[in-house]
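**Student:** Heads up, the sequence shown stops at 482 in UniProt numbering, and the numbers go up one at a time, no gaps.
Worth flagging that the hints you see were computed from the coordinates, not collected in a lab.
Any given hint could be a false lead.
[As the list claims (entries may be wrong)] Heads up, simulated DSS-like pairs for lysine-lysine below, C-alpha to C-alpha not over 30 Å straight-line:
| no. | residue 1 | residue 2 |
| --- | --- | --- |
| 1 | K367 | K315 |
| 2 | K408 | K280 |
| 3 | K384 | K315 |
| 4 | K367 | K384 |
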Amino acid sequence: MSQEILINLTPRETRVALVENGVLQEVHLERARRRGLVGNIYLGQVRRVLPGMQAAFVDAGLERTAFLHVSDLQRDSGGPPPPIDRLLREQQALLVQVIKDPIGNKGARLTTQITVPSRYLVLTPHSCGVGVSARIEEEAERERLRGVAQGFDAERGEAGLIFRTAAEGASGEALRADHDFLVRLWESIRRRAGEAQPGTLVHEDLPLLLRALRDLATRDLERVRVDSREGYLRLGDFCKDLLPHIAERVELYAGERPIFDLYGVEEEIERALSRRVDLKSGGHLIIDQTEAMTTIDVNTGGFVGNRNVDETIFKTNLEAAQAIARQLRLRNLGGIIIVDFIDMTDAEHRRQVLRALEKALERDHAKTQIGAVSSLGLVEMTRKRTRESLEQVTCEPCPTCRGRGTVKSAETVVYEIFREILREVRQFESQRVIVLAAPSVVEVLLDEESTSLAQLEEFIERPIELQVESLYVADQYDVIPV
Numbered sequence: 001m002s003q004e005i006l007i008n009l010t011p012r013e014t015r016v017a018l019v020e021n022g023v024l025q026e027v028h029l030e031r032a033r034r035r036g037l038v039g040n041i042y043l044g045q046v047r048r049v050l051p052g053m054q055a056a057f058v059d060a061g062l063e064r065t066a067f068l069h070v071s072d073l074q075r076d077s078g079g080p081p082p083p084i085d086r087l088l089r090e091q092q093a094l095l096v097q098v099i100k101d102p103i104g105n106k107g108a109r110l111t112t113q114i115t116v117p118s119r120y121l122v123l124t125p126h127s128c129g130v131g132v133s134a135r136i137e138e139e140a141e142r143e144r145l146r147g148v149a150q151g152f153d154a155e156r157g158e159a160g161l162i163f164r165t166a167a168e169g170a171s172g173e174a175l176r177a178d179h180d181f182l183v184r185l186w187e188s189i190r191r192r193a194g195e196a197q198p199g200t201l202v203h204e205d206l207p208l209l210l211r212a213l214r215d216l217a218t219r220d221l222e223r224v225r226v227d228s229r230e231g232y233l234r235l236g237d238f239c240k241d242l243l244p245h246i247a248e249r250v251e252l253y254a255g256e257r258p259i260f261d262l263y264g265v266e267e268e269i270e271r272a273l274s275r276r277v278d279l280k281s282g283g284h285l286i287i288d289q290t291e292a293m294t295t296i297d298v299n300t301g302g303f304v305g306n307r308n309v310d311e312t313i314f315k316t317n318l319e320a321a322q323a324i325a326r327q328l329r330l331r332n333l334g335g336i337i338i339v340d341f342i343d344m345t346d347a348e349h350r351r352q353v354l355r356a357l358e359k360a361l362e363r364d365h366a367k368t369q370i371g372a373v374s375s376l377g378l379v380e381m382t383r384k385r386t387r388e389s390l391e392q393v394t395c396e397p398c399p400t401c402r403g404r405g406t407v408k409s410a411e412t413v414v415y416e417i418f419r420e421i422l423r424e425v426r427q428f429e430s431q432r433v434i435v436l437a438a439p440s441v442v443e444v445l446l447d448e449e450s451t452s453l454a455q456l457e458e459f460i461e462r463p464i465e466l467q468v469e470s471l472y473v474a475d476q477y478d479v480i481p482v
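Required output: the full structure, derived from the provided sequences and hints.
**Tutor:** This is how it looks when you write it as structure tokens:
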């Protein structure tokens with residue numbers, strides 16, 4: 001598996017593309033006007049404690065108050081948490097960390113279970129113990145890392161430690177440098193928190209330019225290409241201090257073609273904003289993202305196969321499983337995801353499709369959980385959502401349909417206008433009625449519905465004048481009795 005990271009840098013926007021074996025897998029965007037908050041640490045103040053929800057609203061100095069659930073509170077003992085009103089009180093100061101960006105009309109989600117990540121390690125200041133990423137499967141390597149951690153105990157004190165996937169194969173010297181950096185950083189955060197006022201940012205996570213190398217680079221990384229000299233120099237300094245083994249793989253891209261054109265990244269981003277994803281077999285996916293969940297429908301389309309219908313469906317579903325895993329990463333979809341595979345009668349086919357989906361998701365950085373195929377043929381899964389999806393970052397609701405995805409037909413609007421005319425003339429004395437409407441609606445009134453319009457004029461015993469408003473959207477109109 002070869003891996004490249006492409007970075008497109010402009011003064012107001014950073015875009016990062018993760019390419020594996022020449023195929024785009026992930027896109028990350030960060031804009032100067034609205035940087036992500038995940039990983040930031042604040043000194044917050046409890047505004048309201050809500051015993052019914054077992055949660056609290058915390059003022060962390062953000063645009064909206066943030067949400068803190070009782071399950072995200074740091075506690076010394078295990079077992080179920082006690083009622084939140086026994087743990088928190090209003091006006092109490094708390095050191096909190098953002099674990100989920102504000103999305104839609106929801107504020108950020110917080111935790112008091114602080115974590116401080118670096119390249120190989122994550123320091124957990126308020127919990128002891130040593131953990132190793134589940135993606136490091138070789139038991140001998142897991143034991144080696146736990147042995148390395150024992151040598152850090154004196155400096156770390158009561159804090160815990162987690163070895164990230166990138167720690168696999170890392171030298172003891174590199175792990176020691178990472179550990180010492182985290183201990184110094186945490187001391188600095190504690191000191192700033194002790195001097196800060198509530199509602200203050202105490203520690204800001206790295207910008208996307210640097211975070212991409214910390215979080216995305218694996219042992220398969222061949223090179224990092226950045227199209228800005230300033231960004232290249234900044235990456236060089238960052239690698240010198242924290243990622244010396246990656247420093248020589250960072251390149252300044254000075255080609256004529258834009259860097260994102262190298263692997264068709266721009267076209268892929270455009271396609272990732274579409275509902276439809278075509279499969280090579282002729283089938284396709286329909287992906288609908290809503291606030292509550294994301295639904296993915298698999299269709300055979302024009303793929304009818306040779307003779308065996310079951311085999312055709314099985315092959316389409318297998319291809320769809322690969323495509324779905326990639327689209328989840330590419331679009332950064334999170335939360336509840338429902339996949340409607342094409343119905344399979346063979347239990348072994350269902351098992352293999354589910355296994356194919358699980359295997360395709362193994363390289364996903366976000367945590368995923370997949371349920372069994374339900375009695376209705378649906379697969380329920382969750383993918384950890386921390387930041388906004390690609391669509392939420394790059395798009396806004398359509399001003400015409402206001403995010404519904406459909407608009408009323410001109411015929412429907414015409415009948416609404418007829419009803420509104422009757423309402424108005426019954427309420428107000430008038431000599432005539434003026435109707436202001438979009439061009440498509442006026443066209444229907446003058447054509448297919450001209451007879452109905454004449455009958456209505458006769459019924460209300462006054463003329464109806466039509467006025468075209470070219471700036472009106474399809475379902476916008478005004479009825480004015482004068």
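**Student:** Taking the earlier hints as the rules, which of them does this structure contradict?
**Tutor:** 2
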